[in-house]
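8 protein chains.
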Amino acid sequence: MTDVSAYADLDLDRSRRRGYPEAIYCAGKTPAQVAGIAEVVRDRADLVTLFTRADPAHAAAVRSVLPDAHHDPVARLLAWPPAVPAPAGGPVVVLAAGTSDLPVAREAALTARYLGRETDLVVDVGVAGLHRVLSRLELLRRARAVVVAAGMDGALPGVVAGLVSAPVIAVPTSVGYGAAFGGLAPLLTMLNACAPGVAVVNIDNGYGAGHMAAQIAAPVA
Amino acid sequence: MTDVSAYADLDLDRSRRRGYPEAIYCAGKTPAQVAGIAEVVRDRADLVTLFTRADPAHAAAVRSVLPDAHHDPVARLLAWPPAVPAPAGGPVVVLAAGTSDLPVAREAALTARYLGRETDLVVDVGVAGLHRVLSRLELLRRARAVVVAAGMDGALPGVVAGLVSAPVIAVPTSVGYGAAFGGLAPLLTMLNACAPGVAVVNIDNGYGAGHMAAQIAAPVA
Amino acid sequence: MTDVSAYADLDLDRSRRRGYPEAIYCAGKTPAQVAGIAEVVRDRADLVTLFTRADPAHAAAVRSVLPDAHHDPVARLLAWPPAVPAPAGGPVVVLAAGTSDLPVAREAALTARYLGRETDLVVDVGVAGLHRVLSRLELLRRARAVVVAAGMDGALPGVVAGLVSAPVIAVPTSVGYGAAFGGLAPLLTMLNACAPGVAVVNIDNGYGAGHMAAQIAAPVA
Amino acid sequence: MTDVSAYADLDLDRSRRRGYPEAIYCAGKTPAQVAGIAEVVRDRADLVTLFTRADPAHAAAVRSVLPDAHHDPVARLLAWPPAVPAPAGGPVVVLAAGTSDLPVAREAALTARYLGRETDLVVDVGVAGLHRVLSRLELLRRARAVVVAAGMDGALPGVVAGLVSAPVIAVPTSVGYGAAFGGLAPLLTMLNACAPGVAVVNIDNGYGAGHMAAQIAAPVA
Amino acid sequence: MTDVSAYADLDLDRSRRRGYPEAIYCAGKTPAQVAGIAEVVRDRADLVTLFTRADPAHAAAVRSVLPDAHHDPVARLLAWPPAVPAPAGGPVVVLAAGTSDLPVAREAALTARYLGRETDLVVDVGVAGLHRVLSRLELLRRARAVVVAAGMDGALPGVVAGLVSAPVIAVPTSVGYGAAFGGLAPLLTMLNACAPGVAVVNIDNGYGAGHMAAQIAAPVA
Amino acid sequence: MTDVSAYADLDLDRSRRRGYPEAIYCAGKTPAQVAGIAEVVRDRADLVTLFTRADPAHAAAVRSVLPDAHHDPVARLLAWPPAVPAPAGGPVVVLAAGTSDLPVAREAALTARYLGRETDLVVDVGVAGLHRVLSRLELLRRARAVVVAAGMDGALPGVVAGLVSAPVIAVPTSVGYGAAFGGLAPLLTMLNACAPGVAVVNIDNGYGAGHMAAQIAAPVA
Amino acid sequence: MTDVSAYADLDLDRSRRRGYPEAIYCAGKTPAQVAGIAEVVRDRADLVTLFTRADPAHAAAVRSVLPDAHHDPVARLLAWPPAVPAPAGGPVVVLAAGTSDLPVAREAALTARYLGRETDLVVDVGVAGLHRVLSRLELLRRARAVVVAAGMDGALPGVVAGLVSAPVIAVPTSVGYGAAFGGLAPLLTMLNACAPGVAVVNIDNGYGAGHMAAQIAAPVA
Amino acid sequence: MTDVSAYADLDLDRSRRRGYPEAIYCAGKTPAQVAGIAEVVRDRADLVTLFTRADPAHAAAVRSVLPDAHHDPVARLLAWPPAVPAPAGGPVVVLAAGTSDLPVAREAALTARYLGRETDLVVDVGVAGLHRVLSRLELLRRARAVVVAAGMDGALPGVVAGLVSAPVIAVPTSVGYGAAFGGLAPLLTMLNACAPGVAVVNIDNGYGAGHMAAQIAAPVA
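Taken in sequence, the protein lines are chains A, B, C, D, E, F, G and H. Here the first sequence is numbered in this note's numbering, starting from 506 and rising by one per residue. Here the second sequence is numbered in this note's numbering, starting from 506 and rising by one per residue. Here the third sequence is numbered in this note's numbering, starting from 506 and rising by one per residue. Here the fourth sequence is numbered in this note's numbering, starting from 506 and rising by one per residue. Here the fifth sequence is numbered in this note's numbering, starting from 506 and rising by one per residue. Here the sixth sequence is numbered in this note's numbering, starting from 506 and rising by one per residue. Here the seventh sequence is numbered in this note's numbering, starting from 506 and rising by one per residue. Here the eighth sequence is numbered in this note's numbering, starting from 506 and rising by one per residue.
Read the hints as simulated data drawn from the structure, not as lab findings. Do not rely on the hints blindly, as some may be mistaken.
To be verified - Quick list of the computed label-pair ranges, beta carbon to beta carbon:
| no. | chain 1 | residue 1 | chain 2 | residue 2 | range |
| --- | --- | --- | --- | --- | --- |
| 1 | A | Glu544 | B | His636 | 36 to 44 Å |
| 2 | A | Pro561 | H | Ala593 | 42 to 50 Å |
| 3 | G | Ala593 | E | Pro724 | 57 to 65 Å |
| 4 | H | Ala593 | G | Ser520 | 25 to 33 Å |
| 5 | B | His636 | D | Pro578 | 28 to 36 Å |
| 6 | A | Val589 | C | Pro561 | 51 to 59 Å |
| 7 | B | Leu639 | D | Asp560 | 32 to 40 Å |
| 8 | D | Arg521 | A | Val589 | 47 to 55 Å |
| 9 | D | Ser520 | C | Ala593 | 43 to 51 Å |
Stated by the list, open to error - Computed footprint of chain B on chain A, listed as stretches where at least three residues anywhere in the stretch have a Cβ under 8 Å from a Cβ of chain B:
| no. | region |
| --- | --- |
| 10 | 615-628 |
| 11 | 665-673 |
| 12 | 698-708 |
Keep in mind that this is a model prediction, so the values were computed, not measured. Where a beta carbon is used, it is the ideal one built from N, C-alpha and C, also for glycine.
Input sequences plus hints: build the corresponding full structure.
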């Protein structure tokens, strides 16, 4: 059997250095490699380890080693140990502009939750019906950080940023017709948001958005 | 002196065929060529001729032949004969998302007006402050066609389309920071608008937007 | 069973606000989600609901809830209630440049028809044989709005716009050889149409084109 | 003289709504328009107003109305009233990867400072000499938010994010050889940063980066 | 004085090898370098030498060495010796879709003429008024090769190809609104022409188009 | 059964008008539609009809109607009637830079052959081994038109054009590593060929290249 | 049976001319074609032949002819004869930034090894944890050439180049989230590396990287 | 006067760490900043310092501090101390495909020469006339590293690589017609070179190419 060092060199020091543990990006790894990594983290139950972009074969590999790992198939995420930590810091609100943005939004919400933040998820609040977002203003204004996942025109983060004082992390999704170009259109929209207070992460990168939100809403030392 | 036929073949039949006269796109033509064309249209006062994208030298050339032509330097537009026709058909409303979109919005509004529509122009109603557009709902809902000029994130047309029943002609402008890529970002946003009822013309093409709006709001035979 | 509010927040107010009901974009939704939405609209037979981009599994889900829904597999569209409304407003003409553009053109034609317009569909009138479009001039000149679906060079909308007084809604399709780049080439062609009177919707977005045409050709209040 | 409402509709409510005042983006506005806006804000000395992307003519126009406005020509920024507020919230650290990134970095630092944060600016710490960033670890680890401005390969934000627990706002600059494509290359690098904890604003948008950092480091209510 | 070999190595053998002489592309060369090259070709009056993309300083440099060189400032072309050769082979027809495409079209026409073909140039026959091209069918059907220069939507070459049996060389120009992207839009249109019989050269490359046409229409051995 | 006019309007006049018959582009058509078209052409045995981009289902559909049609599965082409015409005009030489370019090159060669030209096909003559193309100079210099299919760097057409007097039709293929971007890289290379005498058709469009070559090498009236 | 000359013309002279044998790029070739080529090289056991981009069917085809060929399925590479040559020249070090970059890195390492260099492979040393690369400095500084394979932000080659005197060959991989655009993002990062001493090969082209490294580290004559 | 530390932090350790000194990239720096940096390096005459991308104002600033610095205005390069070091290691050959590529090629050649290599520069050897490069084979085959600067189709590096055993560093230039897109076309060509043994640096980056070549041809320890 192959030694883990032949394909991975885990950054177990990251938690001490940054305050947040390393996550395992499963895409491009074989299930066997993912299982090998799961064996390493099994001995570090003091850290939360997230396995992201896990397809069913990756998920089975993780659970063959860590049977009680929490698995969210919509978000393609596994977390171990499965218990969420007690919330600390400020609240995070995650918005999904449409139903099709839900997988990315759930990945963001779960990431923020497993990194220790109180998290709310609101779905289908796109700008074609402004009343839907306006009716959530109270919730949004309580947030210390807001994540907005949107495909197509990607207009929601800029609209939200114009309404709240918290920073908005925008995550474009690959949802949409042809000229969305796999998420390029909402990505550009978000980078060009008229309202300041929007910063952008990679297309479909719910993990990155949730991580950033957790950092922003972290308890102040 | 060069004959006009060496460089242009005016489509004087267009008005009969389509109901709208040909416009003269000055960019890429020499002032002498524009003056030569002005001489041809001088004999056709029954038609409104618009000279678009006219820089100061083009404008001077037109006015050397048609001294009373109307000239709007912000919109880079000249119209001859200068009198606007009596309004017919339904009203057109033109929105400029920001002050910097004003040249394009004025070009659209003047075009629609010279093609015979009643026209209103509203400036600086970007989505970063939604109350600004919401306070114009009454005006917008009276329109038979709405033109929205916007740069940066280009989000305004989709928001407007979600609020009104009239069709929205979106015209992206080249206004914005680097990743607006000369208008590409708002162009893509508009093509991907979540709300149906948005169709898009070329970047900075106020003339095309105003023409389209005039056609939509034309009197019904 | 999951509550609909976990993944969708239908904009049932849209019809009152805009005069046109919300459509359900199936791509990116699970069949179960689509079925859940169908249950909500079942109680609103006063509205026409369109389900767009429905693959066979989506279609089966809709019909499990709304068995008499009309289903057009070529257009990937379902409509409920299935009866088309009585025509009102002006006529809409839909052109498909080639046979391969037919799915998009049918989606446009069905949308306009279900939104209440008289609609004609003409197929295979590309610019490589101009006589084909010239022989339809009479039909085209009766239209209050024209939709043109074209892939490859996307040249047809500009040619049509030069011949008629009605506005032309151009919808690029993803049909063509490599350098069509999934519809980017006809999209750019249409945005750059020499003839004014062309506005563009998203690649393969027959629904958006048909909706826009229905708005343009709506009865004048 | 033209009324301001002909070209601008200031969002004076933004400060109450969001906690941060509107800034005036000068690019694309005439000096006369900027002066007109300056007259409006002269009556609102309770707010800090920033004029961004001000070329020398814009700056002269502002100072003709607000003679004591602070002007930083490198950052192309004016602030009025000129006094910086007392610092509140956590510290912000701004890094410029190279000397050529300084204008953008200064715009970010001044924005964060005028919005009320303690701010440090460190220059020329690119990844070609890692010892330069490693020697600033203590300063970086004290920050509540870090802004990193970088052109060319844009690699610095990801390296910094791997070393600190604070969120990193990355701002790509248009500095570099041909294949930097006006900032596109560092923009993509930053969006693809391996280390989580990086979010990105528009190319050369120091204002947006500084604003976002000020929001992140704001005092916790 | 610098020897020519320090900056150029003329391919004087090309005429023997290919039947067509080398042309001198002036862009990116200093006037002094162009003059040095002119001195070399002065000794080869048996060949026609074309100097392309010659700005006024380049033109002056050429004429300081070859005072009787023919100079067409619109086409930015010089030819030496100035006399055109007797026509041989079949006729070439060059179309300019609009007035603004004239410089490129003239470059093509002059190139074909100096390479020995009978050449006609027709201006302003864009597809927005089809009657203009249809009225030239007789001329077009006599051609052995057709060159079509067009910017904006670039639709003309495909329309022409559907009407004639001769091959069409399409040359996109950088004329147009923003989304023409410097000629990219017509370039893609032409590559995607529905009608076979269109092949494309570089943006604004009238020289290349004229050269290709001259080869196609060359006398058959 | 559906009438052909519901999905196609064959341009049977094209042969008379242009001298070349219409081809049937199968991609995007259903096998049933292709069969329906085959029935129409069955009555026109005086014309050669090519069915291009035919996958196995398309091919079976054609042969169910035209059992003796010639089928080349590598080129994805069918021709009917199957007999090639007697050669007329000048010879066409088709080069494939590498083995992987063979399907496109065969499509070009078969098209030229069925349109009546004598045709030679040479494979694997890429520029990494110049001796391979130099050893074919005699064949190349006899051609009236040369087609070169190449992927990856697409450098071969420019090299060939520098060696022969016949025009070169370059057809980029989608063969190559990631940065070939589906044929974009060789497409750009060919458009930028240093040697004049190269014109370009769409990516993988062997049909278009062969058609163009057949036109160039046609008998001179 | 088809003769090899119908689809390939092997450059058996390359080894004499360049010192390195031709490799067989299997993608786009049929297994039968690959087997035919294997038969040709079977007679040239004095050369090492590499079969790259070999999927399982290609591999089976090679081994049906050359049963003892070495096959590395991760790298999709076969080598024949299977014995590696004795090392000559300087050492090559190959780094894989992440586990997912391993296939490309192995292809590079095996290529360099089969071309005669001593080779080391180190995995998972991305810049998110700088200590991982800093701990390999001694190994890196012994190298005569370094290959770095990285996807996502592609930042590692520039960081490595800032630490060593050997040239760095950077190979971007198609690993990453949406805005990596199939390797475009790391490609641009690497081309824009701040540190000189980085040159770039095609996306996922481990073969090219390993070949280049072998040339750089070749024995000095 | 401003302290240098306000805008630069020179990496004086680089020479010890990497064996090559830091260069000063002048673009984006003010002349005053460049002069300030020149003062720092004046005290380090043991190192060669290159000032790259120096426009005339930068050059004057450098020479106000280092009057005897060598200045090559074509290459926009200054070197100090001005004496070139004694050559060591193997020879470097630099090719410029055309005259217009000369500035980039000279920058490469001077960089390699000042870093201690024997260097030859050959101009105007583009692939449109293969005999020009074939006549330099002897020189090319003596090189330890070859640099090839080319714009337009960028085909020369791949052709050269197929002829020699030394590695080829390809540097695309921004020379060419519209579809060269500022160097993008030759950049892609070079990345896709059919012949292995080509690696690519940034557009117009002669400095990077020369530095890389100097490293490759360095004396072997």
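Hint check:
1. As the Cβ distance of Glu544(A) to His636(B) is approximately 57 Å, the hint placing it in 36 to 44 Å is violated.
2. Taking the beta carbon of each, Pro561(A) and Ala593(H) are about 59 Å apart, not inside 42 to 50 Å as hinted.
3. A C-beta distance of roughly 59 Å is found between Ala593(G) and Pro724(E), which places it inside the suggested range of 57 to 65 Å.
4. At roughly 30 Å, the beta carbons of Ala593(H) and Ser520(G) sit within the given window of 25 to 33 Å.
5. Range check, His636(B) to Pro578(D): about 35 Å between beta-carbon atoms, so the 28 to 36 Å window is met.
6. About 39 Å separates the C-beta atoms of Val589(A) and Pro561(C), a value inconsistent with the hinted range of 51 to 59 Å.
7. In this structure the hint that Leu639(B) and Asp560(D) lie 32 to 40 Å apart at CB holds, the actual value being about 34 Å.
8. Between Arg521(D) and Val589(A) the beta carbon distance is about 36 Å. The supplied range of 47 to 55 Å is therefore violated.
9. Between Ser520(D) and Ala593(C) the C-beta distance comes to about 49 Å, which sits within the given range of 43 to 51 Å.
10. Coverage of the region 615-628 of chain A by chain B is violated. Counting CB-CB distances below 8 Å, 0 residues qualify, and the rule asks for three or more.
11. Against chain B, the region 665-673 of chain A contributes 3 residues with a C-beta closer than 8 Å to a partner C-beta. That satisfies the three-residue criterion, and the hint holds.
12. A count of 3 residues in the region 698-708 of chain A with a Cβ less than 8 Å from any Cβ of chain B is obtained; the coverage claim is therefore met, three being the minimum.
Checked against the numbered hints above, the structure violates hints 1, 2, 6, 8 and 10; every other hint is satisfied.
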